[in-house]
Amino acid sequence: MTFLREAAKWYQGESHQDKAWDDLESQLPSFLVDTFKTAYRDSPTPLPVTISDGLGWDEIISLAKQSGAKFPECVAAQWALESGWGQFTSGKNNYFGIKGKGTVKTTWEDYGYGPITIQDSFKDFNTPYDCINYLITRWYKDYNGYLGVNRAYTREECARLLKSEGYATDPSYSTKLIKLMNSND
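Position one of the sequence shown corresponds to residue 60 (the working numbering), numbered consecutively onward.
Worth flagging that the hints you see were computed from the coordinates, not collected in a lab.
Treat the hints loosely; a few may be bogus.
[As the list claims (entries may be wrong)] Taking lysine-lysine and the DSS-like style, the derived pairs with C-alpha atoms no more than 30 Å apart in a straight line are:
#1 K124 - K151
#2 K182 - K129
#3 K238 - K200
#4 K182 - K158
#5 K129 - K222
#6 K238 - K164
#7 K158 - K222
#8 K124 - K158
#9 K129 - K151
#10 K222 - K182
#11 K182 - K164
#12 K124 - K160
#13 K200 - K151
#14 K238 - K129
#15 K160 - K222
#16 K200 - K158
#17 K182 - K200
#18 K164 - K222
#19 K124 - K200
#20 K222 - K151
#21 K160 - K182
#22 K151 - K238
#23 K200 - K129
#24 K160 - K129
#25 K164 - K151
#26 K164 - K200
#27 K160 - K200
Put together the whole structure using the sequences plus the hints.
Listed below in structure tokens is the structure:
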């Protein structure tokens, strides 16, 4: 699976890449293909997964509303994209890849020259709500001189602002969030 993680970093959804993935997937057992598509392909599809803390798209939206997100579906899209629909946390109860002192993991970033693999530290949170509240307080609301993305007029603008304000280095981050929101209306 390490090979697949590395290869997936370069996947941009181009037609020749789709053909290559299809060829690769035809050679793998179906359970690996399903896991891979969910975790690493360009736009994950909803999973009928129940995880131990009961988080799903609707629960994330509800918690995001409670925390004050103007576009809670954008928070849910971030959750789906960053954690593979709640299956993979970057730190304890960290579903959004929020960096800070805590759990050290391997991740990838793209600083404009293509994806690179790095080791980084991700914040740990006591509860999923603490993580969501942290995200919304620091990125969605105005915080410490920063104008939050709640200033957006649409959820699509909110997704674009997250990228332009530096939340993610993935050049396709906004596009991926918008696809997730549109496919889960």
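Quiz item: Which numbered conditions among the earlier hints are violated in the structure presented, ordered from lowest to highest?
Solution: none
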